[in-house]
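Protein chains in written order, with this note's numbering: chain A, 1 to 163; chain B, 1 to 806.
In case anyone wonders, no lab produced these hints; they're calculated from the structure. Note that the structure is predicted; figures quoted are calculated from it, not measured. The reader is advised that the hints may include incorrect statements.
As the list claims (entries may be wrong) - The calculated lysine to aspartate or glutamate pairs, modelled on DMTMM-like cross-linking and capped at a C-alpha distance of 25 Å, are:
{"#": "1", "chain 1": "B", "residue 1": "K24", "chain 2": "A", "residue 2": "D40"}
{"#": "2", "chain 1": "B", "residue 1": "K8", "chain 2": "A", "residue 2": "D79"}
{"#": "3", "chain 1": "B", "residue 1": "K24", "chain 2": "A", "residue 2": "E88"}
{"#": "4", "chain 1": "A", "residue 1": "K12", "chain 2": "B", "residue 2": "E100"}
{"#": "5", "chain 1": "B", "residue 1": "K663", "chain 2": "A", "residue 2": "E123"}
{"#": "6", "chain 1": "B", "residue 1": "K24", "chain 2": "A", "residue 2": "E123"}
{"#": "7", "chain 1": "B", "residue 1": "K722", "chain 2": "A", "residue 2": "E143"}
{"#": "8", "chain 1": "B", "residue 1": "K24", "chain 2": "A", "residue 2": "D43"}
{"#": "9", "chain 1": "B", "residue 1": "K8", "chain 2": "A", "residue 2": "E146"}
{"#": "10", "chain 1": "B", "residue 1": "K579", "chain 2": "B", "residue 2": "D556"}
{"#": "11", "chain 1": "B", "residue 1": "K111", "chain 2": "A", "residue 2": "D40"}
{"#": "12", "chain 1": "B", "residue 1": "K605", "chain 2": "B", "residue 2": "E740"}
{"#": "13", "chain 1": "B", "residue 1": "K722", "chain 2": "A", "residue 2": "D79"}
{"#": "14", "chain 1": "B", "residue 1": "K8", "chain 2": "A", "residue 2": "E91"}
{"#": "15", "chain 1": "A", "residue 1": "K12", "chain 2": "B", "residue 2": "D556"}
{"#": "16", "chain 1": "B", "residue 1": "K282", "chain 2": "A", "residue 2": "E28"}
{"#": "17", "chain 1": "B", "residue 1": "K24", "chain 2": "A", "residue 2": "D79"}
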Amino acid sequence: MLVELTVNGEWKSADCPPETTLLKFLREHLMLTGAKLGCDVGDCGTCTVIVDGESYNSCLMLAARAAGRDVTTIEGLADSQGVHPIQEAFEELGSLQCGFCGPGMIMSAKNLLDKNPTASRHEIKDALSGNLCRCTGYTKIIEAIEGAGRVMSSDKYPQSNTF
Amino acid sequence: MAYTLLGKDFTPPDIRAKVTGEAKYAEDFRVDGMVFARLLTSPMPHARVRSIDASEALAMHGVIGILTADDVPAKASPQQTILTNEPVFVGDPILAVAAESETIAQDAIDKIKIDFELLPFCVDPLESLYPGGPNARTEGNSVTLNFGQPIPPEVNEKKWTARDFAAVEEGHLPTGEPTVQWEYGDLDTGFEDAALVLEESFVVASNSHHSMEPRSALSYWENGKCHVFGSLQSQSFAMNTLSGLIGIPPEDIVFVAEFCGGGFGSKGNPYPSMVIPAHFSKKINRPVMLRISRAEEYYLGHARSGFQGRTKIGFREDGKVTSIDLYLVQENGSATGFPDINGFSEGASLVYTPEAMRLRGIFVSTNTPPRLAQRGPGQNQMAVTFEPLMDRAAKELSIDRLAIRQINAPTGDALVGAGREPVTSAHPREALAKGAEQFNWVERVKNDGQRNGSKVRSVAVATAFHPAGFNGFDGLVVITPDGKLNVHTGVGNLGTYSYASTSRVAAEVLKYDWENCVIHRGDSRKHLPFNIGQFGSNTSFTMTRTNFVAATDAMDKIKEIAAMDMGGDPEDYDIGEEKVFSISDPTQSMTYAEVAQRAIELGGKYSGIEGPEDINPITKGGLAGIAGTGLVGVAKDKLEKHGLVPAFCAGFIDIELDTETGKYEILDYLGVVDCGTVLHPQSLATQIKGGAVMGFGMAATEKLVYDPQSGLPANVGLYQAKPPSYLDVPSTMGWAAVDEPDPQNPVGAKGVGEPVMGGGAASLICAISNALDGHYFMRNPITPDMIVNAAAGRPQSYKPLQVNNQ
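Generate the whole structure from the sequences, applying the supplied hints.
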């Protein structure tokens, strides 16, 4: 079946079998391998992407469900102006180790901070509880999200930067 | 010693790719013509394949081919097979099918008919040791690992007597004939002199590594070379193992492992499933991707060995341990396994410095997925077992829990294990002291036992240890005519950034601006030296040495060239600001770029055309690749190293335990480490905190369970196997380091990746026991039901020595 959708601001289309998940569609049909296949059953969050302003485990969403919708993946965060404040904070604090969970963490964090840039530690933990990390113990990720939130809630941060 | 680069934070060069999604892990690679493989795995825990009928599958549209055990090298028992006709655990790969899509491959797998003959099996070691008990392997049930020796592992049959098992009725581990044993000191006198003797049987559960990246792999053949894209903790160390698994020389293998999405010991060396695509690709002449699913990670991935054990410990009145008698039954899984018994027993001999100690143990095969090293293999099982016993002794002897650890902790003159091997340095006492001050131990213990309704406050401390360094590997650097320092490193990349922090030693020696340094790694085509993998907490110690000797060799050559061109002797010259200059007249100088150009003109040893004889053949291959491109520094690490390099962690924890629900909240955690010189504070902090959280899982949530009737694993998903999530982490976590340099490392560094987990795990177990007024479970993980039962005085739901099946 033909699936047409917007990915990172660009109109994309590809033929795929009807059982194709959004994750496989992104990885194998659009060659966007930033979202990872960590569990395929919605346990780990490594496949997190944002669809129409809400974060989803793309391993649990059929590509057909995303047809005509607006999808943002990790590849869509950095632009010609540089990396997104969340990416910058993760980089500065060294918040990732192996990095496999990173794209999903960052997308979940973006979904949270776009809605609530002053999220508390408790709110961050709650919002990201579907994203697992085996390396870091989470605390540095929380610190990075707090820091990015401060940047995103400042007057200097252009609000149009949110997708 | 003051360093310019070491001990300072920096941004590792690979982190940008991780935050932008550009980092390519094994499954992210795509090749023209690539097909997908799926595995047919055993539904039985031990069986013989009588026949395979794949005719219907092979006739399907889109199916490319089949790979069976007949197509791959056989492995001698008990080594883990690549594919097999005698599966020894549920999930053991029997064959693979390649197809144009993964879906077609799986559909084809479903159409294959296999006739199995079920063979005897067991999931509990004690059941196997019982007279007439089932053997996990046809050849027997007890493995002799011959670890580190050029002798293959062996399997024999070992059964204990019914008389041995009489102890089980009383909840004690039977102690039949062991297969490994050692002893030092006068055990009996130690117990006779003791003011307190504790004797306990215990259980430590097996748990999964839970690497976030499943062990997928891609392979293809091109111009006679086999290209392997894998998820591994090793790079150049992997080449010889890959060579053996694929059956071609190392120089005919291209191995790419730039990023590894977690390993924790499970991906230290190439594993059988990694080479299935290589063999399949050769057979069907197409690139093959084998994606391992999360469920398959549990079925055919690795896990930590569990233990059933028994120990007797004597304490003097002041808390000093006099004697330890230890018996360990290691649940060794279905293949070779890993010598966790050694780590457990040697760890106890060092952390508690008993005057006398005896180990007896046996490795018992079970029809469970292959066991392998997991972060602190043996040492961390020891920590979760012995640290609560230290608390119990402290309570019974009315000693402070910190003090009993201080009095037993080793110093630099301590000796390890039966061989009484010396250590290079040991500062756990300093770690405990620093942690006590930073955690405000004296004040915090006053909160112990404070109740808020059903919630109880509890603080605890625990120590953990792991060896932390090797020697004898090679270093390779080259200064190119553009003035850059190129550090070639063959270590793996687990994400601790130690590949980078240890490369900075070369820059430090040569007084380089870090901005002018380039690290080459992650791909065997990048001319890499022979280095050990990133496991065993070794990288910081081992790789600082290799980079130090390579950079020192480069510096010697720089000074020789300066003397050749500007007169005098090499000793008349010094380096600085990326120049070599005359000590007596600093205006006489050459830039490193100029020296590199001269090295190319001079050739020979200066440009790497000639190299040392004693470097590894893999390093020689790397050297040949960069020869003639600049001034080359290359050397084998022959620096002094006498004895074991130990790293320690002291974990301090503050929790609030709800005795009605069995849930707890970790209010605070502090990890203090003895890791020698701190190379990279930022990544050390992450190691300490991340290791502790992994330890919290070991302590309280993670265990693998198998149905004794069928051998089926019950935990085949993250949800069931329960690695900690955001909701399990403390509100705050702190870290500190003793920062005492190790005298046998040129920059004083030691590793520390493994004890940081033991510190977290053992401190949480101690805190839970302390909150229950000294209820020592002698088993992990301590789950909420166990806590509720203990708090209510109810019996537990498990039998005392039950393992793997509850």
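Results of checking the hints against the structure:
1. B:K24 x A:D40: It holds: about 19 Å lies between the C-alpha atoms, which stays within 25 Å.
2. B:K8 x A:D79: The hint is violated at about 30 Å.
3. B:K24 x A:E88: 19 Å, holds
4. A:K12 x B:E100: Judged against 25 Å, a Cα distance of about 23 Å means the pair holds.
5. B:K663 x A:E123: 20 Å, holds
6. B:K24 x A:E123: 31 Å, violated
7. B:K722 x A:E143: Holds, at roughly 24 Å.
8. B:K24 x A:D43: Holds: B:K24 and A:D43 sit about 22 Å apart, inside 25 Å.
9. B:K8 x A:E146: 24 Å, holds
10. B:K579 x B:D556: 13 Å, holds
11. B:K111 x A:D40: Status holds; Cα separation ~23 Å.
12. B:K605 x B:E740: Violated, at about 37 Å.
13. B:K722 x A:D79: 37 Å, violated
14. B:K8 x A:E91: 16 Å, holds
15. A:K12 x B:D556: Cα-Cα ~58 Å, so violated.
16. B:K282 x A:E28: 24 Å, holds
17. B:K24 x A:D79: Holds: B:K24 and A:D79 sit about 20 Å apart, inside 25 Å.
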